[in-house]
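Enquirer: The listed protein sequences derive, respectively, from chains A and B. First residue of the first sequence: 1, per the working numbering; consecutive thereafter. First residue of the second sequence: 1, per the working numbering; consecutive thereafter.
Just to be clear, a hint being listed does not mean it is correct.
Just the calculated beta-carbon pair ranges, DEER-fashion [as the list claims (entries may be wrong)]:
{"id": "1", "chain 1": "B", "residue 1": "Gly-203", "chain 2": "A", "residue 2": "Lys-503", "range": "22 to 28 Å"}
{"id": "2", "chain 1": "B", "residue 1": "Gly-203", "chain 2": "A", "residue 2": "Ser-501", "range": "26 to 32 Å"}
{"id": "3", "chain 1": "B", "residue 1": "Asn-214", "chain 2": "A", "residue 2": "Ser-217", "range": "42 to 48 Å"}
{"id": "4", "chain 1": "A", "residue 1": "Phe-292", "chain 2": "B", "residue 2": "Phe-172", "range": "29 to 35 Å"}
{"id": "5", "chain 1": "A", "residue 1": "Asp-265", "chain 2": "B", "residue 2": "Lys-307", "range": "25 to 31 Å"}
{"id": "6", "chain 1": "A", "residue 1": "Phe-292", "chain 2": "B", "residue 2": "Gln-176", "range": "21 to 27 Å"}
{"id": "7", "chain 1": "B", "residue 1": "Arg-76", "chain 2": "A", "residue 2": "Cys-519", "range": "34 to 40 Å"}
{"id": "8", "chain 1": "B", "residue 1": "Ser-60", "chain 2": "A", "residue 2": "Asn-571", "range": "31 to 37 Å"}
Quick caveat, the hints were computed from the structure, so don't treat them as lab data. Predicted model only: the values in this text are computed from it and were never measured. We put the beta carbon where it would ideally sit given N, CA and C, even for glycine.
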Amino acid sequence: MAVEVKVREKVDVCVIGAGHAGCEAALACARLGMETVIFTVSIDSIALMPCNPNIGGSSKGHLVREVDALGGEMGKVIDRTFIQSKMLNRSKGPAVHSLRAQADKAEYSRTMRKVLENQDNITIKQAEICEILTENRKITGVKTFTGSVYECKAVILCTGTYLKARCLCGEAITYTGPNGLQAANYLTDSLKDLGIEIRRFKTGTPARMDKRTIDFSKMEEQFGDERVIPFSFSTNPEDVQIDQVSCWLTYTNAETHKIIRENLDRSPIYAGVIEGTGPRYCPSIEDKVVKFADKERHQVFIEPEGLYTNEMYVGGMSSSLPEDVQIAMYRTVPGLENCKIVRNAYAIEYDCINAKQLYPTLEFKDIKGLFSAGQLNGSSGYEEAAAQGLVAGINAALLIKGREQIILDRSEAYIGVLIDDLVTKDNFEPYRMMTSRAEYRLLLRQDNADLRLREKGYRVGLISEKDYEATLIKKKMINEEMKRLKNLMVGASKNVQKFLSLKGSSELKTATSMAELMCRPELSYDILSEIDTDRVPLPEDVIEQVEIEIKYEGYISRQLKQVSQFKKMENKKIPENLDYHDVKSLRLEARQKLMDRKPVSIGQASRISGVSPADISVLLIYLEHFKKDN
Amino acid sequence: MDVFWEFIIVMKSDTITAVATGMVDSGIAIIRISGEDAIQIADKIYESKSGKSCFREFSSHTIHYGYIVDKSNGQRSIIDEVMVSLMKAPNSYTAEDTVEINCHGGILMTKRILETVIRNGARLAEPGEFTKRAFLNGRIDLSKAEAVMDIIHAKNNLALKNSVNQLKGSVFDFIQKLRNDILYEIAYIESALDDPEHISLEGYREKLLEKTDNILGSLKKWMDSFDNGKILKEGIRTVIVGKPNVGKSSFLNLFTGEEKAIVTDIAGTTRDVLEESVYLNGIHLNMVDTAGIRQTTDKVEEIGVGKARKYADEADLILYVIDASVSLDENDYDIMEMISDKKFIILFNKTDLEHCITEDMVKREFLLRIPDGFLSDFPLIRTSVKENKGMDRLEEMIKDMFFHGDISYDNEAIITNVRHKEAIMDAYESMLQVKVSIENDMPEDFYSIDLMSSYASLGKIIGEEVGEDLINEIFSKFCMGK
Numbered sequence: 001m002a003v004e005v006k007v008r009e010k011v012d013v014c015v016i017g018a019g020h021a022g023c024e025a026a027l028a029c030a031r032l033g034m035e036t037v038i039f040t041v042s043i044d045s046i047a048l049m050p051c052n053p054n055i056g057g058s059s060k061g062h063l064v065r066e067v068d069a070l071g072g073e074m075g076k077v078i079d080r081t082f083i084q085s086k087m088l089n090r091s092k093g094p095a096v097h098s099l100r101a102q103a104d105k106a107e108y109s110r111t112m113r114k115v116l117e118n119q120d121n122i123t124i125k126q127a128e129i130c131e132i133l134t135e136n137r138k139i140t141g142v143k144t145f146t147g148s149v150y151e152c153k154a155v156i157l158c159t160g161t162y163l164k165a166r167c168l169c170g171e172a173i174t175y176t177g178p179n180g181l182q183a184a185n186y187l188t189d190s191l192k193d194l195g196i197e198i199r200r201f202k203t204g205t206p207a208r209m210d211k212r213t214i215d216f217s218k219m220e221e222q223f224g225d226e227r228v229i230p231f232s233f234s235t236n237p238e239d240v241q242i243d244q245v246s247c248w249l250t251y252t253n254a255e256t257h258k259i260i261r262e263n264l265d266r267s268p269i270y271a272g273v274i275e276g277t278g279p280r281y282c283p284s285i286e287d288k289v290v291k292f293a294d295k296e297r298h299q300v301f302i303e304p305e306g307l308y309t310n311e312m313y314v315g316g317m318s319s320s321l322p323e324d325v326q327i328a329m330y331r332t333v334p335g336l337e338n339c340k341i342v343r344n345a346y347a348i349e350y351d352c353i354n355a356k357q358l359y360p361t362l363e364f365k366d367i368k369g370l371f372s373a374g375q376l377n378g379s380s381g382y383e384e385a386a387a388q389g390l391v392a393g394i395n396a397a398l399l400i401k402g403r404e405q406i407i408l409d410r411s412e413a414y415i416g417v418l419i420d421d422l423v424t425k426d427n428f429e430p431y432r433m434m435t436s437r438a439e440y441r442l443l444l445r446q447d448n449a450d451l452r453l454r455e456k457g458y459r460v461g462l463i464s465e466k467d468y469e470a471t472l473i474k475k476k477m478i479n480e481e482m483k484r485l486k487n488l489m490v491g492a493s494k495n496v497q498k499f500l501s502l503k504g505s506s507e508l509k510t511a512t513s514m515a516e517l518m519c520r521p522e523l524s525y526d527i528l529s530e531i532d533t534d535r536v537p538l539p540e541d542v543i544e545q546v547e548i549e550i551k552y553e554g555y556i557s558r559q560l561k562q563v564s565q566f567k568k569m570e571n572k573k574i575p576e577n578l579d580y581h582d583v584k585s586l587r588l589e590a591r592q593k594l595m596d597r598k599p600v601s602i603g604q605a606s607r608i609s610g611v612s613p614a615d616i617s618v619l620l621i622y623l624e625h626f627k628k629d630n
Numbered sequence: 001m002d003v004f005w006e007f008i009i010v011m012k013s014d015t016i017t018a019v020a021t022g023m024v025d026s027g028i029a030i031i032r033i034s035g036e037d038a039i040q041i042a043d044k045i046y047e048s049k050s051g052k053s054c055f056r057e058f059s060s061h062t063i064h065y066g067y068i069v070d071k072s073n074g075q076r077s078i079i080d081e082v083m084v085s086l087m088k089a090p091n092s093y094t095a096e097d098t099v100e101i102n103c104h105g106g107i108l109m110t111k112r113i114l115e116t117v118i119r120n121g122a123r124l125a126e127p128g129e130f131t132k133r134a135f136l137n138g139r140i141d142l143s144k145a146e147a148v149m150d151i152i153h154a155k156n157n158l159a160l161k162n163s164v165n166q167l168k169g170s171v172f173d174f175i176q177k178l179r180n181d182i183l184y185e186i187a188y189i190e191s192a193l194d195d196p197e198h199i200s201l202e203g204y205r206e207k208l209l210e211k212t213d214n215i216l217g218s219l220k221k222w223m224d225s226f227d228n229g230k231i232l233k234e235g236i237r238t239v240i241v242g243k244p245n246v247g248k249s250s251f252l253n254l255f256t257g258e259e260k261a262i263v264t265d266i267a268g269t270t271r272d273v274l275e276e277s278v279y280l281n282g283i284h285l286n287m288v289d290t291a292g293i294r295q296t297t298d299k300v301e302e303i304g305v306g307k308a309r310k311y312a313d314e315a316d317l318i319l320y321v322i323d324a325s326v327s328l329d330e331n332d333y334d335i336m337e338m339i340s341d342k343k344f345i346i347l348f349n350k351t352d353l354e355h356c357i358t359e360d361m362v363k364r365e366f367l368l369r370i371p372d373g374f375l376s377d378f379p380l381i382r383t384s385v386k387e388n389k390g391m392d393r394l395e396e397m398i399k400d401m402f403f404h405g406d407i408s409y410d411n412e413a414i415i416t417n418v419r420h421k422e423a424i425m426d427a428y429e430s431m432l433q434v435k436v437s438i439e440n441d442m443p444e445d446f447y448s449i450d451l452m453s454s455y456a457s458l459g460k461i462i463g464e465e466v467g468e469d470l471i472n473e474i475f476s477k478f479c480m481g482k
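Generate the whole structure from the sequences, applying the supplied hints.
Expert: Printed below as a string of structure tokens:
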């Protein structure tokens, strides 16, 4: 690397990678006034969706909404480029309702690229970064493969699945990133030189089919919702009522499974060729057949990749079997008998880091100014990546501005749960968000992400005055309406009793509040309008909040209580310079784990596996003493 | 999922209680209550002679004579006559409002008062917690506190060991099974929420309601059993073993002074185990009479023999009864082998009859079965239950062993049990909430919240955290994903 540096540029932030994490990171930095360069190995792959054609889904929809409430871009872009949309889990509680949209992939990428290209302070640069430059464990810049140096104050790593990537399709191995794109083969070594621990994960994607070779008459049609709800709180709901396209459902069968079983020895995973750890929630069809051998069939979703392509995504059948087995296997599925594969299914292996090396701000603990986001941190999914990219971008900018960085905790956002899990727990596979990971999920609903987070986004500087004002007004309307309903007493008049029995609800014995009536499962805000005549018309989203807050008040207040206990622990901060050797009585295992992870709070320390309640007691006592001494 | 941390999180604000004098069979015991609600709790459970109580108005550092009254189940019953001292914040050891109940000692009495205090709003203190509070509130200096830290650790480990020891076997299995059942249901609900297009919850409510009722039933049965003491057995676990018809049951009767065990001269009369509390010079023994150990073809007796072995295995002290009028045989050798690594005393019984064996013969056979063939002393006592001979010697010997620390019983045992009870009650409450949610037609995602609380509460009993259990269960039991 003794090449003379001919080109030398000076910027504030370098973002490496222009996937979903990189785009959010770069936009956040630029919008916060940072001169930003975003590097990609191919400008044509900005915001690429190399796997499924969806944004959102269970718990991922929550992430998109939170990204939006904080001032991120993903929600706005999908609102403009979706071709089908569905609110999942509608029959369940409001906490698990989740939006999922089918994207026009090419349109999504193009739209995001346009946003980037037109954003002040952003330069897009097609180049491979080979080296991270530091001085005294502090970022000074990056170096490209062609020898140019970009001096900067912060670097955000968003390399996705590109580091030393290789794709496997049976016996055929290619050393490329997704979709045959160029892999990044040098950066890993630079990271290792900085003392960063690297590991190897794997994931996979199914084949894409030519639409003209699929017989849809043998499948069940899956429609979008009649009334579409947008992701972004800033999108006008009327703008998303478009003509939608359908997806299709079919199933594997005994014949499919037989072919897979007979060819398992040719699968790189079962043959032991793959070293990376794959995700359990996104198993290949080989895995499903082996692990759930008693299942007679598995669902297969055929989804369009966009409006201007014939490519169809075969959801549920990702694979790394050889091409000939893939063809045979897919053709056993009803409707796919004559299918032609446009792109083969493949597995991809890549380098990533162990995220325990990061603070919850996503900055490396021992390299000032180096941030990391997305799949490089051991997560998976476009939405998980975007969420981290946004947080890393915000914090890089705040760091440079000398402002306090933000940390979302587990009681504030799914993003908080995601990042806390990544940096605190031992993860052994690509991490995916799930609603069951959020212990306070009744509070972290997708419907109230704006109420939870817009203020934070405003304080950071990514949410406009106008949007923030709108949220404040919404909050006020909700509070006032709830107060009104709680104070409004309903007497046991003839009129009321008649109304109740008509609605299949038991009659009143004594006067009760309108709010209490609303708690009855058979009654709702809407139904009660008949006996609530003084009501002023309110926006849909305000009514939705009022209804949820009142109907589930008992459960919500229980969670709020848990949160206040949780907060106590989170607010007990551990000084960065604490020497755990000084803390006597810590067990050896706990001491090692704590020294390794350097938790920022007692709360975070308590979630590290191997740290017991007794260790926490000891630490608490020590900290009290520490405080008194200093 | 943070239920596990409750104890610590609420550390500085809630009210704690413990037996300050330790769980020994002394003349007087002190139960200490410290925290915000200490005074309020005292008012709820104390009555003066005139039936009044108003600690809020009493001056600090005063002592009051009256009764501890149990008012649960709508009934009023006096538990004990007591002196209650009051120390208001900040002039107490912990610098919090503190109430100390001086009651008549005795483990059962003390335990009842402690339970009453807990039922009225206190929680059981962690080991060292009073001192920890004293430190945090600036009452003692760091050197003292550091000593406490070590104790916290030692005690925590001990407590965990104890609770796990106690829970070996059926209770442990019972809890694990309940937990597994609950976890499966949560995983089912959660995977359906996560992947609604693959897994459906249709008709699930009815199924879960039935499951919930079953679990509630099991927990209820178990809660009840705490009160009649089937599970709660503290004291030195002393197990009487021997061949059939050597006089084991007669010993138990002699100790308890009651005809609890049916004594006949038919070998194999005791087919199950009998447990009794026995007090020897203030030392509490939890004495277990077992079925005679011998090779048998009788199915029922065989079960009894199996139990005897199990009890012997978990014993702190074994009393091995040998009939001096009968020769040693394979069954004796078998027993010797079994108890060779235990603390034991051999009772050379029926010395009133004509001897068939000598003490030396017993010793010789025993030494053959000890790993290194050496014993520093050989605790053997000549007894005759019939003539009430040798009992003084036996009491003496047990006392010696106890005070030399050769055998001990753990103060934590009872504590752990009260804690178990708290956890079981929490688990029960959470399951009730699940039932309420189902009956109120709440959406399924609400069920898993309380199922998880219940799961975590049960985990506390066996010292297990929740961790990644759920995620692992979801992925191992349910097929999902693209």
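Enquirer: Each hint needs a verdict: does it hold in this structure or not?
Expert: Verification of the hints:
About 26 Å separates the C-beta atoms of Gly-203 (chain B) and Lys-503 (chain A), a value consistent with the hinted range of 22 to 28 Å. Checking the proposed 26 to 32 Å range against Gly-203 (chain B) and Ser-501 (chain A) shows it holds: the Cβ atoms sit about 30 Å from each other. The hinted range of 42 to 48 Å is satisfied by Asn-214 (chain B) and Ser-217 (chain A), whose Cβ atoms lie roughly 47 Å apart. Range check, Phe-292 (chain A) to Phe-172 (chain B): Cβ separation about 31 Å, and the 29 to 35 Å hint holds.
Between Asp-265 (chain A) and Lys-307 (chain B) the C-beta distance comes to about 52 Å, which lies outside the given range of 25 to 31 Å. Look at Phe-292 (chain A) against Gln-176 (chain B): about 25 Å separates their beta carbons, and that is inside 21 to 27 Å. Between Arg-76 (chain B) and Cys-519 (chain A) the beta carbon distance is about 37 Å. The supplied range of 34 to 40 Å therefore holds. Between Ser-60 (chain B) and Asn-571 (chain A) the C-beta distance comes to about 33 Å, which sits within the given range of 31 to 37 Å.
Checked against the numbered hints above, the structure violates only hint 5.
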